[in-house]
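Make the complex out of the two chains shown on their own, each in a separate frame, by following the hints.
So you can see what is in the structure, the chains are spelled out below.
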Amino acid sequence: MSRRDPFGELLERVDQWMHSRGWSPFRFQKDAWKAYLNGCHGMIDAATGTGKTLAAWIGPLVEGMADPQPAAAGCRLLWITPMRALATDTEANLREAMEGLGVGWRLERRTSDSPQHLKNKQLRQLPEALITTPESLSLLLTHADVLCQLAATRCVVVDEWHELMGSKRGVQTELVLARLRQLNPNLRAWGISATLGNPEEAARRLIGSAPLLPMVKIQGGQRKKLHLDSIIPTQIERFPWAGHLGTRLTQGVVEAIEGASSTLVFTNTRAQAEIWYRTLLQARPDWAGLIAIHHGSLDRQVRQWVEEHLRLGRLRAVVCTSSLDLGVDFSAVDLVVQVGSPKGIGRLLQRAGRSGHQPDGKSRMVFVPTHAMELAELAAARDAVDAQEVESRIPPAMPLDLLAQHLVTIAIGGGFTREAMLEEIRTTAAYQEITDSQWHWVLDHITTGGALHAYPEFRRVVQEEDRYVVRDRRIIAQHRMAIGTIVSDAAIQVQWMKGGALGTVEESFIARLKPGDKFAFAGKVLELVMVRENRAYVKRSKGQPDAIPRWMGGRLPLSAELSGRLRQRLEEAASGVFRGPEMQALRPMLWLQRQWSHLPRRDQWLIESTTAKDGFYCFLYPFAGRLAHEGLAALLGYRLSRLQPISLSMACNEYGLLLHSDQVWDLHQAIARGWLEPNRLEEDILGSLQVSELARRHFREIARTSGLVHPGAPGRPKSMRQQQASSQLIYDVYHRYDPTNLLMEQARQEALHLQLDATRLRKVVDSWRGQELIVKATRSFTPLAFPLVVDRLRDRVSSESLEGRIRRMQQQLERLARDEPPDAESSLGVKDQSVVEEVARATAGRKRKG
Amino acid sequence: MPYTWCQQPWELLAGRGLYWPRHHALLVADLHLGKELVFRKSGLAIPEGATQETLERLDRLLEATSARNLWILGDLFHARSGLSEQLEQWLVAWRQRQEAITIELVAGNHDRGTRALCDRLAIGWQPEPWEVDGIALHHHPPESTGTSDRKGEDEVPTRAGDFSEIEVPFIAGHLHPKVALPKVFGITGSWPCFQFSPHGMILPALGEFTGGQRHSVLSGPAIAIVGSTLVRVG
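In order, the protein sequence lines correspond to chains A and B. Note that our numbering numbers the first sequence so that position 494 is 494, with each residue one more than the last. Note that our numbering numbers the second sequence so that position 199 is 199, with each residue one more than the last.
Pulled out of the complex, with its shape left as it was, chain B reads as follows (with noise of 0.2 Å):
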């Protein structure tokens, strides 16, 4: 779905990806690999197949828009606990097979700990913010007076804010938005979204266990993802 943001074309992906044909670059958030084995250990038994899921989504993604650049909105990893081995394997042969794309990671507060890995697999560090061509691209959303004082980094504010006085319009994950269907169209359930204001967008959540949470805090529209179709609500 083309998308017109900051006077620049976008294109949402209903497989909860941004491009950004400007730089040939795919965004992406919130993938918390190795989630489930952080779950295991501390005997909640879930079982395999999210991360490869989580992955193979990612190949989707990347083979559709033929992305030249892969950059993640933090929260690659899910917790330094939930690396393995096994995870290690398994990116490692995901890395060989996108071993033509360039990967940068604006990491996020899940990511600590884990940048000797993503040295292992060629994926650049970037610091919070990264400007590109006057998009921040953060993991954390930046504060707005809008918006509530944050005791930790995991809670989350829960007011709507425009961000009108940010002056670098920002895209950020972190906050796995979802959105109610308006009744009308009989939809019951929350939807994965991407949320905007005039300055600010945030991404869907790409893992696919992941949860989200259905408070905004952009005061624009939000683009729900129901199945592979892409809904406007408000």
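So that you can see chain A by itself, here it is in the shape it has in the complex (with noise of 0.2 Å):
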């Protein structure tokens, strides 16, 4: 192309500078730089610390060179970060390359820390180059008055795309994007993402759905080396069970810690987090003040402590949980320790790659197991990192709730009218299918407050002429405290009596607290003192915490690419191959299986079903991950009831779910009258009274992005509090009174697909027809099963009690397997009684303590 020539220059300038540094650029670098310059979109598929950030930067800086503007003129490149903390260390970035080729742009991070005179000034005159995350970028264009310097735009990068395209906050960056295009329809948009098991979609999301310029794939870096270990326990139970094996392999962490200068370990909870915390430091006194604790829920200035001391090299260990999955590259990190199951495979790469930053420097990561099963999961994540085998993400269905915060973002930042909007909103992937009514519904409640009335005294968007404003000044600023779409939950403050906040607690944690318990958080025991105004006083304490605060949300399930690749090691392991130490391991216990029950194939479904004395257990294992199984729980517990009266109780895991009644029913006879059946697979789950439920909690999300309930922001005026009400609250309202609200719709869809998993239940609902059923009446509790029967009692039992019980347990099926070899069936059913009255004394203590 002609334009190139004038770039080449430039280009080689580029090329010294970067050899001053001792650098060379990489191909995918210098592919990327021209694409840019061509004119075309593109996606960057790098993990970090290879160069990734540079590769989208340089195009742009290169175009401001041969074509300079006046600052005057506006913003020539946004960048958008997912997270507010990376966007110190991007400006870093950023500016070393912009001030090593002599570029004088004004280079500036807007995001919510930002001071609100940087702010100000940015709106009288935005800085050629701005560091932001969706939701500032979103209130940016509730101003009116720099839409026409965000015109000026010339590129979008946006980074970590893989990690925001999945969430509503990917899709208010489609909706940000659309605006965007509007106003500079030549607009250039860069995706800099992980390896995704769906990049088309990736794409798609990021340019619209109908793009005027091309779309370039430039494929980054060589990926990091990971060397992969587990900590294997020296006695492998037969029987295990979630949750406590972990803390047992202490030892082994410790050793992998001292061997590394500087380790991440990656637990799956912030609650496991606060544990592993105080286990290492029983276990090694000597590293207090070298090991530190990081997750979502503990202070902003905590957080910010710690990871300057990581960054410093200064901490051997820092106790974290997803909070640090993304973000600022930590080059002393050698070692990655991952507690529990990783869940999925992208998951399990990322957290590597957070170790071995230094050039050619190798991702290290530990596996320690929580229970034996997760083992097997690591050995078939194994085989999906040598396949390159990764998940897809799968953005959410068009949420509604988003559009109406949208569409009073921009009322107030200028207004739109009817058709241009609908037409602008349709361009992006997210939104392409709306259809009139849905878009009309939206229109009405912001306009008139619903669609089946219209009030006279409600006030949000008015139309003046054709154009949707809003005049109300009370109503944009609630709006503008309002945009995003990140909940969190009802939350308590804990703070120091003498002053100084550690983080938040769940306010249901504390309701069950009294004055003078102890409970372990930010790493420390504390006392509670005294709750006063949604802020917990604690002061220092000593000893044994009486509670450790758990916090909802965020379980993941394992993931359908893991979870198949462990489904062919078991069956592998069914034709007697035990491939790799874990496998091995496994040995005893998946033989015991085999011998008592079965080892499914993947092209089979293991369906167990055993009598004890407190009743029927029937155990399913479709391994399709938790939140799957507990909507197929939902299903099969409410076709039971509707065969015949009946009360069950339930307990899932990430291989199976188990249901429980009284009293025993005939399992052939359900399985015959269509109790498995794909039809009316929605409708059934929807019946079920626990998706109600869900929805309901579902509903908060909802009603906080739409605008139908206000964030409690600190300081906020007192005159608000009359408009103060929980989502629940209006959920019931709304249940009752406009029960067709297409909120409520969302609620429902989303309880089903995120909390429900229905894509998956349905995929697992849709194979059993093709698929080898195979029904085991057991004698006792299998190794499969035994798990889910933990998990039954551990609802009931309080957890003191509940460990003896499950050793006792455990013993007596291990005497079981043990003593009478399972293939000789001789005196089988009176050893397995005792295990059966074990579990019947338990769940009679839970009827005692009531």
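The reader is advised that the hints may include incorrect statements.
Pair ranges (Cβ atoms, derived) [claimed, not checked]:
| id | chain 1 | residue 1 | chain 2 | residue 2 | range |
| --- | --- | --- | --- | --- | --- |
| 1 | A | Gln669 | B | Gly227 | 28 to 36 Å |
| 2 | A | Trp665 | B | Ser228 | 30 to 38 Å |
| 3 | B | Ser228 | A | Pro645 | 17 to 25 Å |
| 4 | B | Gly227 | A | Ser541 | 35 to 43 Å |
| 5 | B | Arg60 | A | Lys776 | 50 to 58 Å |
| 6 | A | Arg535 | B | Arg112 | 26 to 34 Å |
| 7 | A | Arg762 | B | Arg120 | 39 to 47 Å |
| 8 | A | Asn534 | B | Gln89 | 51 to 59 Å |
| 9 | A | Ile646 | B | Glu131 | 29 to 37 Å |
| 10 | A | Pro678 | B | Ser228 | 36 to 44 Å |
| 11 | A | Gln463 | B | Pro127 | 45 to 53 Å |
Calculated Cβ distances over 10 Å to all of chain A for the following chain B residues [unchecked claim]:
| id | residue |
| --- | --- |
| 12 | Ala64 |
| 13 | Trp94 |
| 14 | Gly124 |
| 15 | Gln126 |
Derived by calculation from the structure, the hints in this document are not laboratory data. Bear in mind the structure is a predicted one, so any value in this text is a computation, not a measurement. Ideal Cβ placement from N, Cα and C applies to all residues, glycine included.
Laid out in structure tokens, this is it:
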């Protein structure tokens, strides 16, 4: 192309600058720069620490050198980052190259952390390059006067797009991009993403459904070499149960940390992080001050301190959650420990990639199983990593709450006309297929207060001739505070008596504590002094805590890809093949499973049933992840209750589910009468009570996003208190007086798909016909069944007594397996009975307690 | 559910009211009429229905108890800005249905600016506390040494007190108390409740569109309202 030549000389300058730093440009970086300068959209698939930032940044810089514009013309480049914590680091990286090349742009950040005077200055005159978050950019669109400056934007870079696109924040980014494309049709969008299972979707979401410019895919540099190890317990239980094994492997973890210079210990929940931090300190009291804890409920200043010290290489280890999945590169970190299942391959790679940031560094990960079966998951993950099979990220389906929010945003920022706006939002992949009636419903919702009635007193968006605008200053102020889709749980701030915040815990946790109770939080033992106005005042304490807070949410199910690989490994085991140390370690357990019941192949569906003194147990093993199993349990329970009056209790884990009832029912007959039929699947799940309860919970986020409740911002004017209501309350009012409301429908759909994984559930139910159904009546709980039995007990029995009970059950089953070879059926029944009695006792204990 | 408190018989009603047989009086609190209008005025799309439902609840309570007096312990209205012609029409119609009843209101923090309307509806306006037969009727519960000092009137004390230093036993509203049932019931969520101590009683909120909070200010038991059933907790 003729346009390439003017840039040739400038690109040479880039080469020279990089060589002066001792670098040389990678092939993929050069490809990215050229594609950008040729006027293309782009998607860069590259891991962190491989030069992806420069790949996206140099193109716009070179263009800026070739085609300078007066500063007053406005913004040239927007850099969207998913985390404001990342913005500082990004700015430093961008600045280094910008100054190295002698480009004199203003480069600034705009996030919720930015000082107000800077934000005001930016409103008068945007910098040439602005680093921001989806929320802050959306907020910028409420200022009509900056639109002409935004129209000058030539390029939007979306960093960590894989992280955004699977959430409503991704959809929010799509809507903002649509607006920017409207302002400048030649806008180029560049995404930076880790490897995904659905790269086509990722690209389409970024550039919209009708792109005017071509799209180029850039495959990033070499993947870092990954070294995966697991800590295998010396003795594997043949009857494993979740949640207790981990801390018994503390010594192994301590040794691993000793062998590294700086370690990130990832756990799957915040409560686990608190437990592991305490356990490590108990094992190595001399590490006080050298190890730290980091999770999303800790106060921002506490987290910043940890991040700062990690960056400086001053910490031996940090116990953390997904709060450190993303973010700044900690070059000192040379080991990652993963406690418990990584749940997915993408997540495992992302976490492992947090180590070995030095050039040609190797990522090292040590895996700590929390129960024996997770060893098989790791073996499966190895296979998937070798095959480079990574999960897809599925974006949310057309969230109308977010559309309502966005329309108010645009109405504040200069207004819109009906037809043009509909056309604009249909250019996003998310709302490409919005129907006219959905569109009108959302418009009515924000203008008249509802489709059913037009309430005369309702005021939000008003129509002035053909433009939709907002005039009420209070509504504008409220809306600006409410922009975004992240909803934190009703949180109580934990604070020292002397002042100084530690973080937040859920209101329901504090409600259970009395003043004087001790709890573990932020790696400390704290004593509750009093609760006042959404703050829990605490003082330092010592000894064993009475409680550890648990936080809702964020439970990722085992991914379909990982589960597929796991089933493959089990299938191998069924035919006697045990590859690798993990599978070797599991051999006795899997052997017993095969002897007592069956080890399912991938084309088989295993159902076990067993009768015990306290009732009838039915186990199904679809290996479809916890969420889909919860959906399936709700479905099967509902269908069973329609076949016969029955009272069921349920338990689910990543591999299967348990239905327990006091009375025996005929499994074969139920199957014959359509218990597992795929017909009427959605209707039946929706019919079960569980969904309405889950929808209620989901409505919280929807109410907040669509502006039905105001966020509880600190320092909020008192006059707004009269409009405070909980989303639950609004849900109840809607449920009663406006049940066909589309936001209610959205809550049901989100509950179905996000909470019960209906897509996977549908696959499971559809698949069973093509598969061999294996129904086994077993004489006692099998190794696969045991963890489900424990999970069911766990809900009922206090944690102190639970551990002892499970131990005894385990020992009895173990004796059964050892003393009596399972194939000799002689006196099984008698011994079996003692186990059953144990379960019955545990259940009776609960009743006594009540 | 009959209940003895301060050596007197009372009737706790699952319809969220308290009946005082000695005075043929129905006591309720926190109706928050017109709340949905207040919301809509500030751009929150809340559908119609809650106010009428609250008034119908009140009808059912009056009918069930055959009360001659209705004593409202504050927050009859949600806010002055929620008063509309429509609301007044409903209220006038309701008052005509219940014209035989004497109504007194111990005005609450939300009732400011509604006195004229109360006069038109023949609802008496009582000072707080309004002492009847040795019992002080409040909207806002009185202070106890066990509770925190309040900074603003909408902030709520969050520690349980026994109110033993209080000389006159009281009945109050304002707090919209709720309680979670022990796990054994197998029912999650929290439920509106009556809260007790030897010297105080807090009534549940009658309003359909009212939330609630779980922190108890009283040291005694709570009686939860689960559907049409009353369950003692603690």
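Against the structure, the hints come out as follows:
{"no.": "1", "hint": "A:Gln669 - B:Gly227: 28 to 36 Å", "verdict": "35 Å, holds"}
{"no.": "2", "hint": "A:Trp665 - B:Ser228: 30 to 38 Å", "verdict": "32 Å, holds"}
{"no.": "3", "hint": "B:Ser228 - A:Pro645: 17 to 25 Å", "verdict": "23 Å, holds"}
{"no.": "4", "hint": "B:Gly227 - A:Ser541: 35 to 43 Å", "verdict": "42 Å, holds"}
{"no.": "5", "hint": "B:Arg60 - A:Lys776: 50 to 58 Å", "verdict": "56 Å, holds"}
{"no.": "6", "hint": "A:Arg535 - B:Arg112: 26 to 34 Å", "verdict": "28 Å, holds"}
{"no.": "7", "hint": "A:Arg762 - B:Arg120: 39 to 47 Å", "verdict": "60 Å, violated"}
{"no.": "8", "hint": "A:Asn534 - B:Gln89: 51 to 59 Å", "verdict": "39 Å, violated"}
{"no.": "9", "hint": "A:Ile646 - B:Glu131: 29 to 37 Å", "verdict": "56 Å, violated"}
{"no.": "10", "hint": "A:Pro678 - B:Ser228: 36 to 44 Å", "verdict": "39 Å, holds"}
{"no.": "11", "hint": "A:Gln463 - B:Pro127: 45 to 53 Å", "verdict": "48 Å, holds"}
{"no.": "12", "hint": "Ala64", "verdict": "22 Å, holds"}
{"no.": "13", "hint": "Trp94", "verdict": "19 Å, holds"}
{"no.": "14", "hint": "Gly124", "verdict": "25 Å, holds"}
{"no.": "15", "hint": "Gln126", "verdict": "23 Å, holds"}
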